[in-house]
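J.: Sequence order for the protein chains is A and B. With this note's numbering applied, the first sequence closes on residue 190, and no number is skipped along the way. With this note's numbering applied, the second sequence closes on residue 84, and no number is skipped along the way.
It is worth saying that the hints were derived from the structure and are not from the lab. Just so we're clear, the structure is a prediction, and the values are computed from it rather than from any experiment. Backbone N, C-alpha and C define an ideal beta-carbon position, used for all residues, glycine too. Warning: the hint list may mix true and false statements.
Stated by the list, open to error - Here are the computed distance ranges between Cβ atoms for each label pair: (1) B:E75 with A:G111: 25 to 33 Å; (2) A:G174 with B:M37: 37 to 45 Å; (3) B:Q71 with A:Y183: 29 to 37 Å.
Claimed, not checked - Some chain B residues close to chain A (C-beta under 10 Å, calculated; not the full set): (4) Y25; (5) H29; (6) M37; (7) Y39; (8) I48; (9) P59; (10) Y62; (11) W77; (12) P78; (13) W79.
What the hints assert, rightly or not - When the alpha-carbon atoms are kept at most 30 Å apart in a straight line, the in silico BS3-like pairs for lysine-lysine are as follows: (14) B:K10 with A:K7; (15) A:K160 with A:K102; (16) A:K13 with B:K10; (17) A:K138 with A:K122; (18) B:K10 with A:K160; (19) B:K10 with A:K102; (20) A:K13 with A:K138; (21) A:K160 with A:K89; (22) A:K7 with A:K188; (23) A:K122 with A:K13; (24) A:K6 with B:K10; (25) A:K122 with A:K89; (26) A:K102 with A:K188; (27) A:K187 with A:K55.
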Amino acid sequence: MWVYEKKLQYPAKVGRANLQMAKYLITQYGGPDGELAAALRYLTQRYNMPTPQAKGILTDIGTEEMAHLEIIATLVFKLMERATVDEIKRAGLGGYYADHDKSLFYVNGDGVPWTAAYIQAKGDPVADLHEDMAAEEKARATYQWLIDLSDDPDLNDTLKFLREREIVHFQRFGETLQIVQEYIDCKKVY
Amino acid sequence: MNREQLCQLKELMALEFTALELHLYLDTHPTDQRALMDYNSVVQQLTIARQRYQERYGPITYGEPSAYPWQWINEPWPWEICYE
Ligand SMILES: [Fe+2]
């Protein structure tokens with residue numbers, strides 16, 4: 001089961017309302033390398049993991065990704081909060097507004113809705129952990145491109161925190177892969 | 001949210017983050033005794049800080065006591081706080 005904590009993992013800071021950034025940032029909410037994809041990928045892969053370390057790390061990183069999803073939602077919410085319809089139109093968010101007003105929805109930067117086709121659970125722990133490592137690198141790169149797109153130091157502070165988390169997750173998945181690999185090799189010998 | 005509460009909330013967030021970082025590390029290094037000691041000491045500080053925060057400002061998670069009326073629904077929610 002899961003229990004909610006009424007706080008964010010890290011302060012979600014926004015220097016000024018910026019609809020253009022909201023449009024870009026929403027891809028980390030519902031895009032291919034976003035936090036929803038990450039959370040759902042890890043949490044569904046954990047059932048077939050062969051070692052206790054792997055079951056633990058997928059559960060815990062999957063859970064942390066939910067906390068990141070909440071940070072992204074908060075950033076987008078704050079960036080759009082006080083926007084007028086005219087500003088929304090000018091930022092190219094008219095189509096988004098027609099479907100969702102200013103509510104949060106799982107789409108990428110171009111409005112394409114989230115799909116489970118973004119993720120996989122192969123049943124082969126080595127294949128799954130390689131996917132997870134690649135996913136972390138892609139998320140890290142996405143945060144880097146978002147930082148490049150933004151000139152808001154407050155927003156960038158939060159995005160840099162999230163970028164660093166992907167690096168740590170990549171590291172932990174790499175260690176997990178090695179543990180799983182050793183476990184499999186060991187089983188073959190006996 | 002006033003300055004003082006925000007300050008305490010950020011402290012709590014930082015402590016809990018430290019605990020989580022050690023937690024993930026321990027998942028793949030379960031026999032690292034030094035990391036485990038660090039983890040246990042952070043968790044001890046975190047328990048005290050969380051208790052103190054909740055006594056003043058109400059529950060921030062499930063299974064915690066509440067003053068009257070039911071404090072859980074008190075605003076601001078996490079996305080409504082100005083963190084700057
Ligand atoms: Fe991650």
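J.: If a hint holds in the structure, say so; if it does not, say that too.
T.: Hint-by-hint comparison with the structure:
no.: 1; hint: B:E75 with A:G111: 25 to 33 Å; verdict: 31 Å, holds
no.: 2; hint: A:G174 with B:M37: 37 to 45 Å; verdict: 25 Å, violated
no.: 3; hint: B:Q71 with A:Y183: 29 to 37 Å; verdict: 47 Å, violated
no.: 4; hint: Y25; verdict: 7 Å, holds
no.: 5; hint: H29; verdict: 8 Å, holds
no.: 6; hint: M37; verdict: 19 Å, violated
no.: 7; hint: Y39; verdict: 13 Å, violated
no.: 8; hint: I48; verdict: 17 Å, violated
no.: 9; hint: P59; verdict: 8 Å, holds
no.: 10; hint: Y62; verdict: 5 Å, holds
no.: 11; hint: W77; verdict: 7 Å, holds
no.: 12; hint: P78; verdict: 5 Å, holds
no.: 13; hint: W79; verdict: 4 Å, holds
no.: 14; hint: B:K10 with A:K7; verdict: 9 Å, holds
no.: 15; hint: A:K160 with A:K102; verdict: 25 Å, holds
no.: 16; hint: A:K13 with B:K10; verdict: 13 Å, holds
no.: 17; hint: A:K138 with A:K122; verdict: 19 Å, holds
no.: 18; hint: B:K10 with A:K160; verdict: 17 Å, holds
no.: 19; hint: B:K10 with A:K102; verdict: 28 Å, holds
no.: 20; hint: A:K13 with A:K138; verdict: 23 Å, holds
no.: 21; hint: A:K160 with A:K89; verdict: 29 Å, holds
no.: 22; hint: A:K7 with A:K188; verdict: 46 Å, violated
no.: 23; hint: A:K122 with A:K13; verdict: 37 Å, violated
no.: 24; hint: A:K6 with B:K10; verdict: 13 Å, holds
no.: 25; hint: A:K122 with A:K89; verdict: 42 Å, violated
no.: 26; hint: A:K102 with A:K188; verdict: 55 Å, violated
no.: 27; hint: A:K187 with A:K55; verdict: 18 Å, holds
Checked against the numbered hints given earlier, this structure breaks hints 2, 3, 6, 7, 8, 22, 23, 25 and 26; the rest are met.
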